[in-house]
Amino acid sequence: MSTVVSLEKYIHNDLVRRVEELSGQDLLACYQCGECSAGCPAAFAMDLLPSQVIRLLQLGQVEEVLNSATIWFCAACQTCYARCPKGVDLSRIMEALRELAMERDGDTLKHTEIPKEELEAFPQQAIIAGFRKYTL
Amino acid sequence: MPVKRALIIGAGIAGMQAALDIANAGYEVVLVERLPSIGGRMHQLSETFPTLDCAQCILTPRMVEVGHHENIRLYTYSEVESVEGEVGDFRVRIRRHPAYVNWDICTGCGICQEKCPKRVLSTDFERGMGKRKAIYTLSPQAVPNKPVIDAENCIYFQRGKCRVCERFCPTGAIDFEQKESFFEERVGAIIVATGYDLLPLEELGEYGAGQIPDVIDGLAFERLLSASGPTAGKIRRPSDGKEPKTVVFVQCAGSRDPEHHMPYCSKICCMYTAKHAMLYKHRVHDGQAIVFYIDIRSAGKGYEEFVQRAITEDRVLYIRGKVARIYQEDGKVIVRGVDTLSGKQVEVAADMVVLAVAMVPRITTRALAEKLGIEVDEHGFLVEADGNLNPVETNRPGIFLAGAGAGPKDIPETVSQASGAAGKVLSLFSQWE
Amino acid sequence: MKISYFPGCTLNTKGKGFDRSVREAMAALGVELVELPDWNCCGASFPLLVDNVLDLVGPARVLINTAARDNKLTTACTTCYNVLKRTNRVLREDENIRERLNYFVEADYQGQVEVSDILQLIRDEVGFEKVKEAVKKPLNGLRVASYYGCMVLRPPREVAYDDPENPHALDDLMAALGAEPVRWGAKAECCGNYLVARKPEVAMEMSYRVLSSASRAGAEVIVANCPLCQFNLDRWQRDLTLTHGGFEPIPVLYFTQLLAIALGLDPGGYELEKHYVDPRPLLESKGLI
Ligand code: SF4
Ligand code: SF4
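Chains as they are written, first to last, in the numbering used here: chain A, 163 to 298; chain B, 193 to 625; chain C, 22 to 310.
Watch out, some of these pointers could steer you wrong.
Computed cross-link-like contacts, DSS-like style, restricted to lysine-lysine with a CA-CA straight-line distance of at most 27 Å [to be verified]: (1) B:K437 x B:K524; (2) A:K278 x C:K93; (3) B:K459 x A:K248.
Pair by pair, the computed Cβ-Cβ distance ranges are [what the hints assert, rightly or not]: (4) A:E280 x C:D129: 36 to 46 Å; (5) C:L70 x B:D522: 41 to 51 Å; (6) C:T34 x B:T532: 45 to 55 Å; (7) B:A424 x C:F125: 27 to 37 Å; (8) A:G196 x C:R90: 19 to 29 Å; (9) A:E183 x C:D129: 52 to 62 Å; (10) A:D267 x B:I250: 50 to 60 Å; (11) A:G268 x C:G206: 36 to 46 Å.
These are calculated hints, taken from the structure and not from any lab test. Ideal Cβ placement from N, Cα and C applies to all residues, glycine included.
From just these sequences and the hints, can you work out the full model?
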């Protein structure tokens, strides 16, 4: 992205506040060590690394994060949180971002999108959890 | 018989500490200070990291102790003219600048300063953030609390009439005829504690070359923060006296830049910048503090915790990247930088910028070292006998080092080295029993 | 001993074989699992939004129902364990949420129930020494990769009963059964979890990383403790042989299936035939079935 970020607008960013409220996390607690990204098992599929998600939020760039695929690839495995030296629960931040994205764009998983044979094969918990994560 | 007296050059926190250690051990100390009063850089500071102690509150009692100590002979407004001899028997010639005030009869009442009609921007002690008179003391807590006349700005010296101070002085202490004076002292050992300066803003072209009033250095910001400073601790930007709502702090301004400025790390800036940003937020609750850094170097007891506190408790925004350009536009100071963590160019329309400029040795250190027959490095810092195992001695027997004149140091490190140097001197003295 | 048992939705349906192996193995070890009457779904994922109290109602009801008859609850589905354990912790520690939940379900629950995972129960209440003594058919020589997944490890402070970065309870159990646990790197890596519902290709790749790590360590079989892990690891192996050159399928069993077999029980009802990678040839070759 080539836009120049105007930092003085940071403190007035309501979306950042919402992320903090929904997730209960202090975004500034992250000091960008990168351990979350280093250990994230889904990072290979992400366009933004987990630590970059936090960084962009620290700079108030919520829109960019909401548009990224990363939030949908987070498996809520909590590996990041388990290791974060600052106790940042990134999986909660990811959940908050999914929530905000769905408030904006609507549900991202429909029953009809899952092939019937898969739906039948899935363990119940995959379906229940999937709909909890991907629908409002 | 060797002389069990010590000369200490420089009466900042290093020189004061060494002087007190030696004097309290029962030996005489000759303490020479170039400025009219003692205290050095620390006297200019608002609060110290990482404890946020009020610098003046912890320093002033020590200044008073030094000023009154029966074993300390204080020469302020004085410089070492020459040094002869060797360890055990140095003969030192000291030159005292004319204060144009007879300190023997001056009571320090301050009427002269009050009445003097000439206001001058205080570029030294107040770093341009405040004014003083042509007859002045460095601060109200000055030790000794005796004024000097700055001849270059004094109306009488420049135009031949005025003498208002003389008219109002109740003791008749003003002496326009005073000349510089010389003193001889014999000492057995010497501690050099000449301290540091900051790289002039003029050197930093991309950061405004000192031409933008609201771009100031760290010491100037200390004066704004200081409760006894020119703004009584209120944050007011120099250009219009308004409270700045967005303040940018730039670390490594002139440090770690072997191509253009100083190749070394100035060591204290990460910490004092965190402190500055924190204290700014304590004074201006709705303000935004933004720090640009290359690395955060917070090695020291409680230092990393202090930096993290600035971030999480005081909501200081840290941006990783060195600022490329600072210019003025529409009453704002525009800061162009980058955040390499997110890969974004960033820009701040700030109200004020504080540059953590490189620490450099005092410009006078080189000439003094020559007189003492000790070495300085390519930057002018005094050279230790051995950086690892002998960081207190010089290559010349009987001459020791303390403080930032020998390289960037913070207060605890400076005080430790000063006590180390004092210990070295005392161990010499004990060998002469 | 007797303890309340929560099967959960998956063990009640797709995971019947798992459920049966659990009940039979525990009975053989002298633990009677008393199925909680009228249990409901735990929600299958712990809600991560601060104020999502509604999604806590399900698991809270399970705990409240338990409290009416027992002060201990165990479950074999580690996802259920994770959700119940964390919900219980919230009920214990967060007065505000406790009050609201009690109000919703008209109860007065203080979080007194102790929730355990079945492996934890075996380790702490039965003891691996006792398990070892009870073994009738040692798993001699079977090289097992013990897979822990996420649910019993993370977040460590809330759910872990083992070293979260170097768990070994399952390895220890396998060793007690006479198997040879392999040392491998992916024992606590995520399998892809619910991503399978929306991003199956990502879950597939995540599972591949786990499977290939086990293979490289020389494992002949992987044991899992969660129906979704078992599914993710098992389901795509045929596809993986096509997309990842050199990939060799490896059976994925529930650890209780191996436990029951080692205890000399008949695995006929454990639905071994329903696994995507058929584990029977391996078990036959080892003389275990
Ligand atoms: S591990 Fe924690 S502190 Fe480190 S980058 Fe990730 S969230 Fe930030
Ligand atoms: S919770 Fe999400 S972001 Fe964190 S490690 Fe797991 S997949 Fe990655």
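Hint by hint, here is what the structure shows:
1. B:K437 x B:K524: 11 Å, holds
2. A:K278 x C:K93: Distance ~39 Å between K278 of chain A and K93 of chain C Cα, so the pair is violated.
3. B:K459 x A:K248: Since the Cα atoms of K459 of chain B and K248 of chain A sit roughly 25 Å apart, the hinted pair holds (cutoff 27 Å).
4. A:E280 x C:D129: 36 to 46 Å: Hint holds: Cβ distance 43 Å, inside 36 to 46 Å.
5. C:L70 x B:D522: 41 to 51 Å: With Cβ atoms ~43 Å apart, the hint holds.
6. C:T34 x B:T532: 45 to 55 Å: At 51 Å between Cβs, range holds.
7. B:A424 x C:F125: 27 to 37 Å: 57 Å, violated
8. A:G196 x C:R90: 19 to 29 Å: Once the Cβ atoms are compared, 49 Å apart, the range 19 to 29 Å for R90 of chain C and G196 of chain A is violated.
9. A:E183 x C:D129: 52 to 62 Å: At roughly 30 Å between Cβ atoms, D129 of chain C and E183 of chain A fall outside 52 to 62 Å, so the hint is violated.
10. A:D267 x B:I250: 50 to 60 Å: Taking Cβ atoms as reference, D267 of chain A and I250 of chain B lie about 58 Å apart, which means the hint holds.
11. A:G268 x C:G206: 36 to 46 Å: 40 Å, holds
Comparing the model with each numbered hint stated earlier shows that hints 2, 7, 8, 9 do not hold.
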